[in-house]
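2 protein chains.
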Amino acid sequence: MFKNSEFKHNDETLDTPFLFVDKQIFLRNLERLRKEIEGLGAALRPHFKTVKSLDAAPYLLLEKASPITVSTVKEAEALASEGYTNIIYAVGISAEKLPRVHQLLSKGVEIRVLLDTVEQAQILNQYGNDNHCTVPVLIEIDCDGHRGGIRPDSPLLINIAQLLHHGSADFQGVLTHAGESYLCFDQASLRAAADNEVKAALKAANHLRCADIPCEIVSIGSTPTAHSYQDLNGITEVRAGVYGFFDLIMAGIGVCNINDIAASVVTTVIGHNKEKGWLFIDAGWMALSSDRGTANQPKDCGYGLLIDRSGKLLLHHQVITVNQEHGIVGSVDGSSIDFDAYPVGCRLHVLPNHACATASMHAHYHVFDTHDNSHEVWTRILGW
Amino acid sequence: MFKNSEFKHNDETLDTPFLFVDKQIFLRNLERLRKEIEGLGAALRPHFKTVKSLDAAPYLLLEKASPITVSTVKEAEALASEGYTNIIYAVGISAEKLPRVHQLLSKGVEIRVLLDTVEQAQILNQYGNDNHCTVPVLIEIDCDGHRGGIRPDSPLLINIAQLLHHGSADFQGVLTHAGESYLCFDQASLRAAADNEVKAALKAANHLRCADIPCEIVSIGSTPTAHSYQDLNGITEVRAGVYGFFDLIMAGIGVCNINDIAASVVTTVIGHNKEKGWLFIDAGWMALSSDRGTANQPKDCGYGLLIDRSGKLLLHHQVITVNQEHGIVGSVDGSSIDFDAYPVGCRLHVLPNHACATASMHAHYHVFDTHDNSHEVWTRILGW
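So the protein sequences, as listed, match chains F and V.
Okay, so the first sequence: first residue is 1 according to the UniProt record's numbering, each after it adds one.
Okay, so the second sequence: first residue is 1 according to the UniProt record's numbering, each after it adds one.
Mixed in with the good hints, there may be bad ones.
Said to hold, decoys possible - Derived list of chain V stretches under chain F, where covered just means 3 residues or more per stretch with a C-beta under 8 angstroms from a C-beta of chain F:
hint, region
1, 11-22
2, 84-96
3, 123-131
4, 288-296
5, 310-317
6, 341-354
7, 358-370
Stated by the list, open to error - Lysine-lysine pairs mimicking DSSO-like chemistry, simulated, CA-CA at most 27 angstroms apart:
hint, chain 1, residue 1, chain 2, residue 2
8, V, Lys276, V, Lys299
9, F, Lys199, V, Lys74
10, V, Lys312, V, Lys274
11, V, Lys199, V, Lys35
12, F, Lys299, F, Lys312
13, V, Lys107, V, Lys64
14, F, Lys64, F, Lys74
15, V, Lys276, V, Lys312
16, V, Lys276, F, Lys199
17, V, Lys35, V, Lys64
18, V, Lys199, F, Lys276
19, F, Lys276, V, Lys203
20, F, Lys274, V, Lys203
21, V, Lys199, F, Lys274
22, F, Lys276, F, Lys35
23, F, Lys299, F, Lys276
24, F, Lys107, F, Lys74
25, F, Lys274, F, Lys312
26, V, Lys74, V, Lys64
27, F, Lys203, V, Lys107
28, F, Lys107, F, Lys64
29, F, Lys203, V, Lys274
As the list claims (entries may be wrong) - Taking beta-carbon pairs under 10 angstroms as the criterion, some of the chain F residues facing chain V (in silico):
hint, residue
30, Ser94
31, Leu115
32, Leu183
33, Ala188
34, Ser290
35, Lys312
36, Ile337
37, Gly345
38, Ala357
Everything labelled a hint here was simulated from the structure, so no lab data went into it.
Glycine is no exception: its CB is placed at the ideal position from the N, C-alpha and C atoms.
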């Protein structure tokens, strides 16, 4: 049975639903991965896309020049406004976004863009020539067929790199993401996915160097593989995003435990259906997101597992249905619910399937620190 | 083939992804349902939860006293700040939210709350006694076993209504929602669901009146049933939310056509995978939501269908996968995609599965009017 007295906080004055962050668990998660990656000789470049709050930035980034990854130009602009200067924008670049990237570069922010097509390289060179600007760029490598990128041994990799290297852009290296590692459920397959990610990145870097193209940055990472590396020789940096908050997907994969999950949604029981054995809660997809990322895991957690205010995990119930502002808590194994234990008006925590998605539904997070009993409100960066 | 020149707008200067609203289609949808319901002798009480923007309120509400439904107290507070006074808060009430409801009531806003348990009725009476305040209240009726509410013939309905009627609250009537109508895919079953909703509400109202409890408001509605009533005799009002924007779920149910969908996400092609036949777009779940509401419909639309900039629907492709900021467009029938027709940098519109969910991912909507070529930015109400 799950026991975690850290879930007991004096937050009863806040209206539900709201996103609750246990700051000490969050800091512990950050520290754990930083130590692990630095111990293996690489830098950790956290992905800002999960937390996306300037209030959290000082915990992710120990110095203004510490490395960070972003998923939107908006995040980069927000970080730059606070003096952070070492950024990778890790979504394929399109022409329309270059003026904003250019503006950041002219302010002294080293923002690197990502691409995997000849067309994008041409756009980048053209933009650089037209605007007298040198855009730092990485090429995305496909290590496992999951999404975008170029295979490490593809001649296209050399073609694009040469276009950039001899053009106006500043080609800096390669980046890959083991998206398929989300389908690993034991340590052996996690290690295999991690090894494969490392090998693909090294292969791409060597391929470039053999063609006399320098490859300064060799960037890899996903939260599952980031916790599973054994050797990072030749890798300059590791990226991971959800590891700060963690979630049920990551618990299902096995890189965290349920009591490592720092983010949850606090909700109120607003009704009972005794005939059907349901509790109604005031957290629907608007507060939880519609993410069903555990659907294909060995343990399907519905729309989230529940913890009561004493810190106890409800073992036989989960959020089985969500509407916009309603969630339905039902049994997963036919066992009946103790309605007296969860009266109308009582509060529960919903642990998220996917913390990135759940956090994205909240403009503010309520952050509680068990060490000094403080309560902070963190503001999320919205939009693109 | 779908042709809609209304999708051609001069929005190329906006960075993607963004939520695009075709104002003329939106207004046409609003007008269609208003006329239909008023023609049947009832009032239309739009649900604000889909659009959730004060900029849209004047189109939904012709007068400050026009009826509106909300899903959060925050929406009610925003509407009240603009002088709107006739509100139903249609999510089961919990004690913590009563002080904010009370504050609205003291400002002269008629905000009615909803409940379906004895506990909530007791809380309401207690609150009214303690705070010298009369809270207007409706009882939720379960017409089809979908979610919350009390069966219309249940003795519990009378018990709760009597508690309220003889207590400090102001019992005003009944409210029901045919949630199961989302599973209808032909006109006969839509009409049956609509009839059933009407009958359940009338039965509950008669049940109360036979027990000498007045029942002034008889409120019903869901977007599928709202377009399918034949007789609203005895019904005072109809609620519907998504009918302004419409979406692929509603097109699948058959209450709109694809060219009635007023909201879409504009996205840019950021990559090609020619081997797999994929286009990468810069709209992932962060812009589209993770809603898979068409998954169980006869036509599963993945994470959304696509329209090119000439207004043509892509018949053989849809968004098949989403990550946070990436979408993958793939074939649904094995037919290959014309990469030359969709080069890196070109724009597409993604039609949403569920407009409520897609709109919820955007703090602002870009609203284009084909009549006067105007462009407005509407601001969404965030939080609870």
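Hint by hint, here is what the structure shows:
1. Closer than 8 angstroms: that is the beta-carbon criterion, and the region 11-22 of chain V has 4 residues meeting it against chain F, so the requirement of 3 holds.
2. For a cut-off of 8 angstroms, the count of residues in the region 84-96 of chain V with a CB near a CB of chain F stands at 6, and the three-residue condition holds.
3. Under the rule that three or more residues need a Cβ within less than 8 angstroms of chain F, the assignment of the region 123-131 of chain V is violated, with 1 such residues.
4. Coverage of the region 288-296 of chain V by chain F holds [criterion: at least 3 residues with CB-CB distance below 8 angstroms; count 4].
5. Restraint check on the region 310-317 of chain V versus chain F: 0 residues with Cβ-Cβ distances below 8 angstroms, three needed, restraint violated.
6. Note: the region 341-354 of chain V has 3 residues with beta-carbon separation from chain F under 8 angstroms; the three-residue rule is met and the coverage holds.
7. Only residues whose beta carbon comes within less than 8 angstroms of a beta carbon in chain F count, and the region 358-370 of chain V has 5; three or more means the coverage holds.
8. Taken as a hint, the lysine 276 (chain V) and lysine 299 (chain V) pair is honoured in the structure, with Cα atoms around 23 angstroms apart against an allowance of 27 angstroms.
9. Restraint check for lysine 199 (chain F) and lysine 74 (chain V): not satisfied, since their Cα atoms lie roughly 51 angstroms apart, outside the 27 angstroms limit.
10. For a cut-off of 27 angstroms, the pair hint linking lysine 312 (chain V) to lysine 274 (chain V) stands: about 22 angstroms separates their Cα positions.
11. A hinted pair counts as satisfied when its Cα atoms are at most 27 angstroms apart, and lysine 199 (chain V) with lysine 35 (chain V) qualifies at roughly 22 angstroms.
12. With a C-alpha separation of about 19 angstroms, the suggested pair lysine 299 (chain F) and lysine 312 (chain F) falls inside the 27 angstroms cut-off, and the hint holds.
13. Taking the CA atoms of lysine 107 (chain V) and lysine 64 (chain V), the gap is about 14 angstroms. The hint holds against a cut of 27 angstroms.
14. For the hint pairing lysine 64 (chain F) with lysine 74 (chain F), the CA-to-CA distance comes to about 18 angstroms; that is within 27 angstroms, so the pair holds.
15. A threshold of 27 angstroms between alpha carbons decides the hint, and for lysine 276 (chain V) with lysine 312 (chain V) the separation of about 23 angstroms falls inside it, so the pair holds.
16. The hinted pair formed by lysine 276 (chain V) and lysine 199 (chain F) meets the criterion: a straight-line CA distance of about 23 angstroms does not exceed 27 angstroms.
17. Of the supplied pair hints, the one linking lysine 35 (chain V) and lysine 64 (chain V) holds, its CA atoms being roughly 19 angstroms apart against a limit of 27 angstroms.
18. Among the hinted pairs, lysine 199 (chain V) with lysine 276 (chain F) is consistent with the structure: their alpha-carbon atoms are about 23 angstroms apart, no more than 27 angstroms.
19. Annotation: proposed proximity of lysine 276 (chain F) to lysine 203 (chain V) holds, straight-line Cα distance about 22 angstroms (limit 27 angstroms).
20. The suggested pairing of lysine 274 (chain F) with lysine 203 (chain V) holds, with an alpha-carbon distance near 22 angstroms, which does not exceed 27 angstroms.
21. Distance check on the hinted pair: lysine 199 (chain V) and lysine 274 (chain F) sit about 24 angstroms apart at the alpha-carbon level, within 27 angstroms; holds.
22. With a CA separation close to 48 angstroms, the supplied pair lysine 276 (chain F) and lysine 35 (chain F) exceeds the 27 angstroms bound.
23. In summary, the hint linking lysine 299 (chain F) to lysine 276 (chain F) is supported, as the alpha carbons are separated by about 23 angstroms, within the 27 angstroms threshold.
24. Note on lysine 107 (chain F) and lysine 74 (chain F): the hinted pairing holds, with a Cα-Cα distance of about 15 angstroms set against a maximum of 27 angstroms.
25. A hinted pair counts as satisfied when its Cα atoms are at most 27 angstroms apart, and lysine 274 (chain F) with lysine 312 (chain F) qualifies at roughly 22 angstroms.
26. Restraint check: the Cα-Cα separation between lysine 74 (chain V) and lysine 64 (chain V) comes to about 18 angstroms, which is no more than 27 angstroms; the hinted pair holds.
27. Proximity of lysine 203 (chain F) to lysine 107 (chain V) is assessed by CA-CA distance (about 69 angstroms); at most 27 angstroms being required, the pair is judged violated.
28. Note on lysine 107 (chain F) and lysine 64 (chain F): the hinted pairing holds, with a Cα-Cα distance of about 14 angstroms set against a maximum of 27 angstroms.
29. Simply put, lysine 203 (chain F) and lysine 274 (chain V) have alpha-carbon atoms about 22 angstroms apart, close enough for the 27 angstroms limit, and the pair holds.
30. Annotation: interface hint on serine 94 (chain F) holds; nearest CB of chain V at approximately 5 angstroms, less than 10 angstroms.
31. Checking leucine 115 (chain F) against chain V by beta carbon gives a least distance of about 8 angstroms; that is within 10 angstroms, so the hint holds.
32. Annotation: interface hint on leucine 183 (chain F) violated; nearest CB of chain V at approximately 13 angstroms, more than 10 angstroms.
33. Given the 10 angstroms rule on beta carbons, the hint for alanine 188 (chain F) is violated: about 26 angstroms separates it from the nearest Cβ of chain V.
34. Checking serine 290 (chain F) against chain V: minimum C-beta separation of about 4 angstroms stays under 10 angstroms; hint holds.
35. With a cut of 10 angstroms, the hint placing lysine 312 (chain F) at the interface with chain V is violated, because the nearest CB-to-CB distance is about 22 angstroms.
36. For isoleucine 337 (chain F), the interface hint is violated, the least distance from its beta-carbon to any beta-carbon of chain V being 15 angstroms, above 10 angstroms.
37. Residue-level restraint check for glycine 345 (chain F) holds (minimum Cβ-Cβ distance to chain V is 5 angstroms; threshold 10 angstroms).
38. For alanine 357 (chain F), the interface hint holds, since its Cβ comes within 10 angstroms of a Cβ in chain V; the closest pair sits about 6 angstroms apart.
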